[in-house]
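S.K.: Input sequences plus hints: build the corresponding full structure.
Those sequence lines, one after another, are chains A and B. According to our numbering, the stretch in the first sequence is residues 1 to 138, in order. According to our numbering, the stretch in the second sequence is residues 1 to 274, in order.
Listed next, the in silico DMTMM-like pairs over lysine to aspartate or glutamate satisfying Cα-Cα at most 20 Å (straight line):
#, chain 1, residue 1, chain 2, residue 2
1, A, Lys-21, B, Glu-199
2, B, Lys-123, A, Asp-97
3, A, Lys-65, B, Glu-203
4, A, Lys-133, B, Asp-256
5, A, Lys-127, A, Asp-9
6, A, Lys-127, A, Asp-73
7, B, Lys-156, B, Glu-182
8, A, Lys-21, B, Glu-203
9, A, Lys-21, B, Asp-204
10, A, Lys-133, A, Asp-116
11, A, Lys-20, B, Asp-204
12, B, Lys-120, A, Asp-97
13, A, Lys-65, B, Asp-204
14, A, Lys-133, A, Asp-9
15, B, Lys-153, B, Glu-182
16, A, Lys-21, A, Asp-116
Derived CB-CB ranges, DEER-like:
#, chain 1, residue 1, chain 2, residue 2, range
17, A, Pro-138, B, Leu-22, 55 to 65 Å
18, B, Thr-208, A, Pro-138, 27 to 37 Å
19, B, Lys-144, A, Ala-22, 27 to 37 Å
20, A, Ala-22, B, Leu-185, 22 to 32 Å
21, A, Lys-21, B, Arg-11, 35 to 45 Å
22, B, Trp-257, A, Gly-77, 24 to 34 Å
23, A, Gly-125, B, Leu-22, 46 to 56 Å
Calculated from the structure, these hints are not laboratory results. Positions of the beta carbon are idealized from the N, C-alpha and C atoms, including for glycine.
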Amino acid sequence: MVPIIGMSDQTNLTNFSGDKKAWPVYMTIGNLPSTIRNRPGSMAILLLGLLPIPPKLAKFCRADKLQRLINADTLGGVFELIIAPLNGAAREGAPIDCADAKIPRCFPIMSGWIADHMENVTLHGIKSNACPKSEVPP
Amino acid sequence: MPVKCSFCRKRYERAGAYETHLRSAHANLDIVLASTIRNPPADVLTDRGTDLSDANEPIEHSDSDYESDPAGDTAGSERDAPDDTLRREPETEVLEDNTYPVAAEQEDYPGAGEAIGEVKEYKEECRDLCENPWAPFASAQGFKLASWFIESKVSKTRINDYFSNGIGNSTSVGYSSMHTLENLLRHLDPYSPYLQWLEGHVEDGQRTLPFFYRNVLDCVRYLLRQIAYRDDLVYAPRREYDQSGQRIYAEMHTADWWWDVQVLPRSLFYVKAY
Numbered sequence: 001m002v003p004i005i006g007m008s009d010q011t012n013l014t015n016f017s018g019d020k021k022a023w024p025v026y027m028t029i030g031n032l033p034s035t036i037r038n039r040p041g042s043m044a045i046l047l048l049g050l051l052p053i054p055p056k057l058a059k060f061c062r063a064d065k066l067q068r069l070i071n072a073d074t075l076g077g078v079f080e081l082i083i084a085p086l087n088g089a090a091r092e093g094a095p096i097d098c099a100d101a102k103i104p105r106c107f108p109i110m111s112g113w114i115a116d117h118m119e120n121v122t123l124h125g126i127k128s129n130a131c132p133k134s135e136v137p138p
Numbered sequence: 001m002p003v004k005c006s007f008c009r010k011r012y013e014r015a016g017a018y019e020t021h022l023r024s025a026h027a028n029l030d031i032v033l034a035s036t037i038r039n040p041p042a043d044v045l046t047d048r049g050t051d052l053s054d055a056n057e058p059i060e061h062s063d064s065d066y067e068s069d070p071a072g073d074t075a076g077s078e079r080d081a082p083d084d085t086l087r088r089e090p091e092t093e094v095l096e097d098n099t100y101p102v103a104a105e106q107e108d109y110p111g112a113g114e115a116i117g118e119v120k121e122y123k124e125e126c127r128d129l130c131e132n133p134w135a136p137f138a139s140a141q142g143f144k145l146a147s148w149f150i151e152s153k154v155s156k157t158r159i160n161d162y163f164s165n166g167i168g169n170s171t172s173v174g175y176s177s178m179h180t181l182e183n184l185l186r187h188l189d190p191y192s193p194y195l196q197w198l199e200g201h202v203e204d205g206q207r208t209l210p211f212f213y214r215n216v217l218d219c220v221r222y223l224l225r226q227i228a229y230r231d232d233l234v235y236a237p238r239r240e241y242d243q244s245g246q247r248i249y250a251e252m253h254t255a256d257w258w259w260d261v262q263v264l265p266r267s268l269f270y271v272k273a274y
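M.R.: Listed below in structure tokens is the structure:
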């Protein structure tokens, strides 16, 4: 089994002007011991994708409600596309060449996602005062 | 702060001892590479003659970690044991308990991480690595100079100046400009084809936004293929207990989640995992 750990966070690229943002998604695998995985020099974390940044919304603008919905749908679609290769592999397993010359049948599974709270809110499409892990009402 | 030898797993408290260790045990990187490869192709060793096998001897002895290996596909279950105990506090001795429920192991997994094939090009890759460890660079000097250029962040124009002013000798290093150096660097990672970027477009009602992504499966392939991780990769879940029978939770594969998913029948696998 290959547990995949994902990470994402929206980040500002410019501080005072330009309003440029990037939204990187990273991935690594749980087969590596955490001491090695998290070592900066081990290069075990790969950049998986750069998500599209939705257009900026005016604050307190009710007319943009539709736009928010579209943004959320777009994000869902993008993630579906990125995760798509795992669909068959997680069910049936995929033979993957390993470094020890063996080819085990691997089941890559999305197992964890590391993100801060606001990121979780965006990804799960929940209210920002709700809990992304449990079913406690906001 | 102890230094860990990057070629074997010995630890050294002082820089002097580490240096003598490097000089004596890893005098020739060629030999080190040959010893690192667990199943070196027999013809490589015989090709290189007697001096290599002689020189190889002391390294293998000092290299307790590789020696204790069952040299195979036991999926890192027993393999990691000595290393794991080292990493934790030494006073709590860790007992390995590989009580895999047999049924679960054979049910959906032919023995968690067991091989269903062999990588065909592996032998050739090992041989190439042994014979030309500096590939795609022609020599050690070429590689060291390039890594010095990059690590000290020398700009491209300065690198071009370095060669055009005649400070550097391009014949001994194998490249003569930034352009030729970049060509070599492109071939440095043999698995880079796994990391192709794909481009997608999404419509968000106002405009079409481009975004870029990689194939997740290929990223997994890339990571699992790295020789650097070979001795640390874990394919099977494990339950660890200490001396008093208390369960130890340390790494991801020693926790319950992995075990639970591994034991699941394949039809439920997908549902539970997400």
